[in-house]
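Undergrad: Hey, can you work out the whole structure from these sequences and the hints?
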Amino acid sequence: MSSTTSQQQSTKAISIDARGPRFSAGITVVLLSTALITHSAWVLLAQAIVFAIGSFRGPQFTPYALIFRTFVRPRLKGEVPTEDVRPPQFAQTVGLLFALVGLAGAVAHLPLVFTIAVSFALAAAFLNAAFNFCLGCEIYLLLLRLK
Amino acid sequence: MGKTTTVKSLAPILIVLVLASIYGFWYQNTRGKVRSAKSTKNGLNEAILGEPLGSRGTLVQFSSAFCTPCRATRVLIENVVKDLADIKHIEIDAETHLDLVRALDIRSTPTTLFLNSVGVEVGRAIGAPKREQITSAIDSLR
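First to last, the sequence lines map onto chains A and B.
Residues 1 to 147 (the working numbering) make up the first sequence, in order.
Residues 1001 to 1142 (the working numbering) make up the second sequence, in order.
These aren't lab readings, by the way, just hints derived from the structure by calculation.
Among the clues, some could well be false.
Said to hold, decoys possible - On the chain B side, residues computed to face chain A include the following (Cβ under 10 angstroms):
hint	residue
1	N1042
2	A1065
3	I1106
All residues carry an ideal CB built from backbone N, CA and C; glycine is no exception.
TA: Below you can see the structure in the form of structure tokens.
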């Protein structure tokens, strides 16, 4: 009916199981909490690698998604809710940026930079896991408006 | 000293989880609610929106690429308005209409504006509205 609708349909966006990214966000919360409490750059590095895979290849290719597919999805019942892969992929990119800032803080011996960067990434992952928060919905347009 | 270090490093995570929870509950409570608009600006029209308005009212939905609930919102609104000849649904890609987005102060997607018959915004829902929220907002359009 509307022109936007036909444009979106013609791009044929990839759809994935909507429960996967939320499950992955839960594991991300555990990793980032560990990094924050122990001030471990190695734990943050591991999470940064996961973010990088999710950002460049897609959230359905991360080790967390593999855990979801192998152990969690077979136990879930009911209709599979699907969603466009682009919003969670965007969130992975934002997570990667915060992780890189945190790692830079660790390398430069700036613990406050590490703490703040990991805190923001943790807040976003926690909101996603606990409240089904859509990061792309809330910040993408604001970023575009800054231009 | 060991104890102080532990407390120091537990403080950030507690602050993050408490603040994020407060925001999360606010987020869940406000998304989708239709708030009546106090806008006294001139109405929107076909020249701005690219499509004609509905004779009784129009729902203008702003969507973006990185938005999970936009598709569900579109499907739901189209389903609600398909039997209403005098109400129209227009979906606008926020990214390619940034001037309009700024003029209307759209901050997140989906944001749905409820326009009356002359195109004046009378209500606004930020986030995905529920079916009852859409129908009751449409009922008050004239």
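Undergrad: Now tell me, hint by hint, if it's right for this structure.
TA: Quick rundown of the hints versus the structure:
{"no.": "1", "hint": "N1042", "verdict": "violated (22 angstroms)"}
{"no.": "2", "hint": "A1065", "verdict": "holds (5 angstroms)"}
{"no.": "3", "hint": "I1106", "verdict": "holds (7 angstroms)"}
Hint 1 from the list above is the single one not met by this structure.
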